[in-house]
Amino acid sequence: MRTTATIYMLTGISIGTILVTSSNSWMLAWLGLELNSFAILPLISKTKHPRSIEAATKYFLTQSTASCLILFASTINAWQTGTWTITQMPDKLPSTLMLIALTMKMGAAPMHLWLPEVMQGTTLLTSLLISTWQKIAPMVLIFTTSNHLPSNITLIMGLLSTYLGGWGGMNQTHLRKMMAFSSIANMGWTLMTLTSEPKMSMINIMTYMLLTTPTFILLAQTSTKTLQDMTTMWTTSPTSSITLTFLLLSMAGLPPLTGFMPKLLILNELISQNMTAISVATTMASLLSLIFYLRISYLTSLLNTPSSSTSTTKWRQNMNNLKMTQMAPTAVMSTTALPTLYP
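Under full-length UniProt numbering, the first residue of the sequence shown carries the number 1, and numbering increases by one thereafter.
Keep in mind that the hints are not guaranteed to be accurate.
Stated by the list, open to error - The list that follows gives simulated cross-link-like pairs (lysine to any residue, SDA-like), each with its CA atoms no further than 20 Å apart:
1) 58 to 117
2) 58 to 34
3) 92 to 67
4) 177 to 52
5) 177 to 167
6) 92 to 150
7) 48 to 125
8) 177 to 41
9) 92 to 151
10) 177 to 60
11) 225 to 173
12) 48 to 58
Unchecked claim - Pairwise CB distance ranges, derived in the manner of DEER restraints:
13) 3 to 87: 37 to 45 Å
14) 206 to 152: 19 to 27 Å
15) 302 to 6: 36 to 44 Å
16) 31 to 10: 16 to 24 Å
Because the hints were derived from the structure by calculation, they are not lab data. By construction, the Cβ of each residue, glycine as well, lies at the ideal position given by its N, Cα and C atoms.
The task is simple: from the sequences and hints, build the whole structure.
Here is the structure:
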């Protein structure tokens with residue numbers, strides 16, 4: 001019964017995203033976003049714990065507020081232009097409101113405070129859905145309207161996201177909150193070139209999803225939730241420990257791994273647009289994220305927890321073959337796909 005309900009919920013999430021990506025009208029896109037938001041609520045609250053109910057409530061309130069803003073902005077735009085077409089948004093007021101609403105749905109600063117709390121209150125696999133699949137629909141809408149969005153506001157939100165994501169993740173001990181702040185920082189990188197080179201932003205967000213998927217699957221398979229758990233992860237599977245280290249370094253943007261290329265291309269685009277100061281500030285913000293990525297990598301691969309040889313350890317748990325099969329290609333692409341991303 002629980003499996004059947006989960007399949008129904010995942011089907012609703014998929015249909016909602018497909019509706020948004022294939023629609024040309026704001027009303028149909030709004031309906032798809034609503035279906036997407038409501039379908040994931042049972043998945044967030046399925047854990048029998050007050051924290052999961054709190055996370056579902058926060059997610060519902062935030063997404064409802066963003067949906068109201070989207071409907072309000074699209075109504076103003078239809079009143080001014082006489083059409084509900086997504087690509088027709090010439091006025092600054094509806095385009096600014098739409099940018100705020102869509103970034104709130106994705107969890108970008110300064111409307112980001114709900115994301116760490118929601119991801120902390122749910123399971124690792126549901127957190128994977130929130131940080132990857134749930135961003136596709138609003139990102140497609142932002143990409144479609146990128147030529148009408150205010151560039152100054154987009155750049156400010158991008159810088160805020162990179163800095164707040166880095167600062168917020170430095171002081172965390174729970175991995176789900178750290179991954180949430182990592183998602184916020186990556187959304188900042190995505191917003192930096194959204195108005196000048198939207199294709200670069202899409203490459204960045206897709207690369208982040210490619211990196212995040214095997215990372216969450218590995219954490220779920222090894223039941224790793226805190227930094228303390230990372231110190232004993234080598235007892236579960238040495239291969240998983242090494243793979244997770246490379247994935248984290250790739251998310252940090254270290255060469256020659258896959259995560260380095262989108263950041264390099266974004267910095268190159270900012271410099272070509274005569275925004276050298278902003279590119280330097282963004283690079284400095286990436287150092288904040290690098291600190292907690294390196295801390296996790298250090299705990300995973302270079303540090304053993306103080307213990308005696310007779311201590312009980314989780315030695316080579318049985319892995320779910322289906323999930324490991326899904327993780328293998330994404331893990332390889334996350335660490336070795338650097339040449340394919342170069343334009």
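query: Hint by hint, which ones does the structure fall short of?
result: none
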